[in-house]
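**Q** Since chain A is already given, all that's left is putting chain B on it; use the hints.
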Amino acid sequence: MSAIYRKEMKIYLSTPFGYAVMAVLLFFMGVFTVFFHFLSGTADFSYPLVAMEWVLLVTVPLLTMRSIAEERHSQTDQLLYSLPLRLREIVLGKYLAMLTVFLLPTAVAALYPLLLSAFGKLSLAAAYTALFGYILLGASLIAVCSFVSSLVENQILAAVLSIAVSLCFYLLDDFSSLLPTGALGSFLLCIVAALLCGVFLWRSSKSLNLGLLTALVLVLPLSVLYVVKASLFEELAPRFANVIALFGRFEAFAYGHFNIPATVLYLTVIAFFLFLTVRSMEKRRIS
Amino acid sequence: MIEIKQLTKHYGTHVAVDCLNFKINNGRIYGFLGPNGAGKSTTMNMIAGCLAPTSGTVRINGFDIFEEPIKAKQCIGYLPEKPPLYDELTPFEYLRFVAEAKEVSYERALRQVHEVMELTQIDGVKDRLIRNLSKGTRQRVGIAQALLGNPDIIILDEPTVGLDPKQITEIRALIRRLGEIKTVIVSSHILAEISETCDHVLILSEGKLVANVPIAELQGGSGAMRLKLSVRGDEEGVIGVLSAIDGIESCVVGAAREVGVVDMTLTVPSGEDLRDRIFFDMAEHRYAVISMEREEDTLESIFLSLTERAAEKKKQEKRTTPERDGEYELIDEGKER
Chain A
1 MSAIYRKEMK
11 IYLSTPFGYA
21 VMAVLLFFMG
31 VFTVFFHFLS
41 GTADFSYPLV
51 AMEWVLLVTV
61 PLLTMRSIAE
71 ERHSQTDQLL
81 YSLPLRLREI
91 VLGKYLAMLT
101 VFLLPTAVAA
111 LYPLLLSAFG
121 KLSLAAAYTA
131 LFGYILLGAS
141 LIAVCSFVSS
151 LVENQILAAV
161 LSIAVSLCFY
171 LLDDFSSLLP
181 TGALGSFLLC
191 IVAALLCGVF
201 LWRSSKSLNL
211 GLLTALVLVL
221 PLSVLYVVKA
231 SLFEELAPRF
241 ANVIALFGRF
251 EAFAYGHFNI
261 PATVLYLTVI
271 AFFLFLTVRS
281 MEKRRIS
Chain B
1 MIEIKQLTKH
11 YGTHVAVDCL
21 NFKINNGRIY
31 GFLGPNGAGK
41 STTMNMIAGC
51 LAPTSGTVRI
61 NGFDIFEEPI
71 KAKQCIGYLP
81 EKPPLYDELT
91 PFEYLRFVAE
101 AKEVSYERAL
111 RQVHEVMELT
121 QIDGVKDRLI
131 RNLSKGTRQR
141 VGIAQALLGN
151 PDIIILDEPT
161 VGLDPKQITE
171 IRALIRRLGE
181 IKTVIVSSHI
191 LAEISETCDH
201 VLILSEGKLV
211 ANVPIAELQG
221 GSGAMRLKLS
231 VRGDEEGVIG
241 VLSAIDGIES
251 CVVGAAREVG
261 VVDMTLTVPS
271 GEDLRDRIFF
281 DMAEHRYAVI
291 SMEREEDTLE
301 SIFLSLTERA
311 AEKKKQEKRT
321 TPERDGEYEL
331 IDEGKER
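In the order they appear, the protein sequences are chains A and B. Residue 58 in my numbering sits at position 58 of the first sequence, and the numbers go up by one each step. Residue 155 in my numbering sits at position 155 of the second sequence, and the numbers go up by one each step.
Same shape as in the complex, but just chain A (with noise of 0.2 Å):
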């Protein structure tokens, strides 16, 4: 793992490409921290991090975009296939030089708190909270983009659909009170959900075996727990999004408070969509 980590960081800051999108976050982040601070006179370090998530947005999809659709592309992910490391070594070392390449800057970013309490009053402890809540986010976010990246070959591509799956999560806070409230509906819609992780890990692992297993496994109980108490299922698909949405679990940190929930949620999301993109890169080798 310590060398594809080394590897990356060797590319990442040998190319403009790294400093790059270091240099964007650093601006936005300034511009953002002179505007909330000394112009407007706000006392508070979760705002200009509230701001930096339009950044994040077009960001971390850059960052993430050649992970792995660069390796498929170039095909050099023949090499990473046949050198004696685990898919989870790869995925992970890729992950925590991207990772690194994000909290860089946002390093120099963690020196602002304690310039900014030099000229005024500012709770230390709620920005370095927020700022904690702005790292999740980021690392969580370059998991999910890594995932999307580790779908297509094309690097442009990879971009576009990280920044629609991103700003799928931005608005999912918004958007949960447009579905279903009622049993029946939240019902069906974990049922579609059971189904199509049945039909992922059909095709990622060519087992038609195991995908009816795993679909089966997770429909019965829901169906059997359906008949025996439908109010479990009441609001269920507005407050799973409630949940789910990344941004959202955000406001929590951004308001000074430490959230043990959306810390977990985090931290679920980040290994769940390396999961994923393990499962992705083992599905090439499959196919």
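Just so you know, not all the hints are guaranteed correct.
To be verified - The calculated lysine-lysine pairs, modelled on DSS-like cross-linking and capped at a C-alpha distance of 30 Å, are:
id, chain 1, residue 1, chain 2, residue 2
1, B, LYS126, A, LYS10
2, A, LYS10, B, LYS71
3, A, LYS283, B, LYS5
4, B, LYS166, B, LYS135
5, A, LYS283, A, LYS10
6, B, LYS23, B, LYS5
Stated by the list, open to error - Residues from chain A that face chain B, not an exhaustive set, calculated with beta carbons under 7 Å:
id, residue
7, SER14
8, THR76
9, GLN78
What the hints assert, rightly or not - Rough simulated footprint, nothing fancy, chain A against chain B, three-plus residues with beta-carbon under 8 Å:
id, stretch
10, 49-57
11, 68-79
12, 86-97
13, 100-111
Since the hints were made in silico from the structure, they are not lab data. The beta-carbon is built from N, C-alpha and C at its ideal position, and this holds for glycine as well.
**A** Leaving out everything else, chain B in the frame of chain A:
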């Protein structure tokens, strides 16, 4: 040693590799030969662990490539058809990355990188970006990465494709040098390449193994002898003399190049040398033998006859074998000779 059993790869209903069975022993240069689309690259990708087979097993030095991939891959160095190079790195950086990924310790990695750069003669360009290197040099960098980690087996997929004649000669010489210390498997659709560099040849056609023989044996051909004969005389009389000689299976008369001279090609299936007999019989009947030349089976003719025969057989199988669940019936054809 590589041991392949019942190796099969399907892409949908297309059978790319069809039930291969063979062994590759240590210390020789093996050639994978076959026309484009014969399944060479697919087979090599499966041996290197880059592609999972539909069924069958690949064991490298006793380790199954899919059950114990790390141990199996440590025994292999693989150069795919397109060298997997990172344009943003220099050869030295690239090779260091591969050495580290092959879990070679830092000091050993540095030593090995310098050794393979010297062996592949790329130390002069080690600090230039890979994107600025010529195709031949890029190929050398690709071969160098395959050598790192000191694997027992080196697999090179069409290593000379797209190179100029000088580069081809250099890469062939390098492969021969490697063959002295490693087991090397080279694939190509160019026969001359295989016959020049390899000790043993495996011919694939339509995903099946149609020959698995030492190159010298393949050059020995089918055992039949063909004679090109030019005789001054009338065609009817000349053929009459030949028909009296036992052992001649066929006599094909070609277009006459000279008036009054019959040009023909004779086939002697047993391989018996009938040249003296033909000469004296012709002389006895007052026909002058202008020229008589033994025609050797060329590698090209053997290769074409083997691959065409396999393709024809497959077509017949498709016609006669009913499809089951969209897949063709697998027939164990690839037994080692």
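**Q** Hint by hint, say whether it matches the structure.
**A** Consistency of the hints with the structure:
For the given pair, LYS126/B sits about 16 Å from LYS10/A by alpha-carbon distance, which is consistent with the 30 Å threshold. Simply put, LYS10/A and LYS71/B have alpha-carbon atoms about 28 Å apart, close enough for the 30 Å limit, and the pair holds. Between LYS283/A and LYS5/B, the direct Cα distance comes to roughly 23 Å. Compliance with the 30 Å bound is thereby established for this hinted pair. The straight-line distance between the Cα atoms of LYS166/B and LYS135/B is roughly 12 Å, inside the 30 Å bound, and the hint therefore holds.
The straight-line distance between the Cα atoms of LYS283/A and LYS10/A is roughly 28 Å, inside the 30 Å bound, and the hint therefore holds. Our distance criterion of 30 Å between C-alpha atoms is met by LYS23/B and LYS5/B, whose separation comes to about 9 Å. Because the beta carbon of SER14/A sits about 6 Å from the nearest beta carbon in chain B, less than 7 Å, this interface hint is met. Annotation: interface hint on THR76/A holds; nearest CB of chain B at approximately 4 Å, less than 7 Å.
For GLN78/A, the suggested interface contact is upheld, since its CB lies about 4 Å from the closest CB of chain B, less than 7 Å. With a threshold of 8 Å between beta carbons, the proposed coverage of the stretch 49-57 of chain B by chain A holds, since 4 of its residues qualify and at least three are required. Counting residues of the stretch 68-79 of chain B whose beta carbon lies closer than 8 Å to any beta carbon of chain A gives 7, which meets the minimum of three for the stated coverage. Counting residues of the stretch 86-97 of chain B whose CB falls under 8 Å from any CB of chain A gives 6; the rule of at least 3 is met.
Counting residues of the stretch 100-111 of chain B whose beta carbon lies closer than 8 Å to any beta carbon of chain A gives 4, which reaches the threshold of three, so the coverage claim holds.
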